[in-house]
Amino acid sequence: ATQIVVEARAGPGRAGAGGAARETRRKGAGGDAMDLKGQQLCEALATYLILFSAIVAFLFGIGTQSLRNLFCVYGAGVGLTCLVIIPNWPFYNRNPMKWLPRSLKKD
Amino acid sequence: MHSTTYRLNAVLTMAFTGLIALCIAIALTEKFHQSSPEADLKLHDVHYFKRMGKNDEAILSFKLKSDLSTCFSWNTKQLFAYIKVEYETKKHKRNEVTVWDKVVASKEEAQVDQTFISKYKLVDNGADLRGKNVTLTLAWNVMPYIGGLYYQDMKFEAALPSQYLKELRNF
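Keeping their order, the protein sequence lines are chains A and B. Each residue of the first sequence is one higher than the last, beginning at 1 in the working numbering. Each residue of the second sequence is one higher than the last, beginning at 108 in the working numbering.
Fair warning: there could be bad hints in the mix.
Said to hold, decoys possible - Here are the simulated SDA-like cross-link-like pairs (lysine to any residue), alpha carbons at most 20 Å apart as the crow flies:
no., chain 1, residue 1, chain 2, residue 2
1, B, Lys214, A, Pro101
2, A, Lys37, B, Leu115
3, B, Lys191, B, Phe139
Said to hold, decoys possible - Chain B stretches covered by chain A per the calculated footprint, using a threshold of three residues with CB under 8 Å from any CB of chain A:
no., region
4, 117-126
5, 129-137
Honestly, the hints are just simulated from the structure, not real lab data. Note that beta-carbon positions come from the ideal geometry of N, C-alpha and C, so glycine has one too.
Isolated chain B, as found in the complex (with noise of 0.2 Å):
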């Protein structure tokens, strides 16, 4: 402590350790939030489930009553939500199809009331997706300002219809 630009470097080096611990103690916050989502979620209509080539096609809609907004903590910058359809098929005995996807910036963002057409296409690996009955799981990461990003998920029960369409039906 014997010179001014000593003083300046020991002043700034204790603080960067204490902002690092500050951090450290923040991140780990994260392990302690409790969070109660509400969803429902339900398959809408199917809008178009061809067959084309060796693979099944569907474009699906869903109708989405969903509450996200206690997942928020101090330390939450935004959640990644998604809809993934999962089932299981005499080829591959885990299938899982991401088919629409939100960035959740806030906590009036992430309650919901809507129906929507989904993103993108379910398609299969096979052609067994007729009368299959698929999981639909509203996934989301949560992704803090400062730490780690974890996953939270609610499943619900659809089934996909027995016979291809065969023509485009509107949403």
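Looking at chain A on its own, in the form it has when it is part of the complex (with noise of 0.2 Å):
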């Protein structure tokens, strides 16, 4: 699993608009980001879905006794993977960050 911490604060001259565009990303508003509990599922997601898809494949080949078949529901089964785990999908952000209050104090 994978444990990141993490330890955020508003740096000095950081507060204002700086502060805010960082915010934005972190939420993962349309950006890139997912929070960390979203990464840990995501990271699953992917590891079993293609693991299923290699199962499901194999046997799906021997019983057909069909190489192509095999490699066409393997490819599938990836394509289907990174539908789900490559978009920042809803799902992931459930569990927000939760960031310390920012200071505007300068020192």
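Relying on the hints, combine the two individually framed chains into one complex.
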């Protein structure tokens, strides 16, 4: 499992516009970032979906005695996995990060 | 999994690892494949049999009735079948000469009932072929799509003429 320990504070001189932009990015609104529980879920999904695709593909290939069927099913499984784990779906963002309150003091 | 690029990289890497594992599994299935080939190979006729310098030379023809279709598994791309003539002489203990070969690309092509002339001359290193008892071996390499090539054969007996031929015989 991915364990990322993050200590975040808005640094001096970074409050205001810069801080707001980073906060938007952290919320993952329209951006790349997933929250940490979502990342964990994403990695697990990727691993098990691909493993499952490989097993199903192998059994289907042996059952129909066709290598082409095997690789087609595996390719479809990988495609499905890509669809599930690459985009930043909402269900990856159900546990948003709790950041410390921004300090507006300047040193 | 913190960015789209990272996730794309991760899924492609995992998918490729899965693909390698699948290929290893497929290659291993070939070990469990049972084949039951049938064949009958006879020496049909000798068309040319002479001594050229130090070496005997011969051109043979064969009657082959065979069914190698069970050698094809789900993972078989083709068979490479060939006929070799094996014999022993005073000069050399073990001699093997390939006189015919064929790429068998499908189960249908593996069912043969034909008489044909050999592709290559049987040339001995020496002049000891007259009246020789030889072993005609129908051998084939199984070539899988994924995995290692392997060898199977079936052996038959034949005898070469006891005298050289004075002229060529037609097939």
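Consistency of the hints with the structure:
Distance check on the hinted pair: lysine 214 of chain B and proline 101 of chain A sit about 74 Å apart at the alpha-carbon level, beyond 20 Å; violated. A hinted pair counts as satisfied when its Cα atoms are at most 20 Å apart, and lysine 37 of chain A with leucine 115 of chain B qualifies at roughly 19 Å. For a cut-off of 20 Å, the pair hint linking lysine 191 of chain B to phenylalanine 139 of chain B is broken: about 28 Å separates their Cα positions. Residue count for the region 117-126 of chain B with a Cβ under 8 Å from a Cβ of chain A: 6. That meets the three needed, and the coverage hint holds.
Evaluation of the coverage hint for the region 129-137 of chain B: fulfilled, as 4 residues show C-beta separations to chain A shorter than 8 Å, against a requirement of three.
Violated hints, listed in ascending order, are 1 and 3; each of the other numbered hints is respected by the structure.
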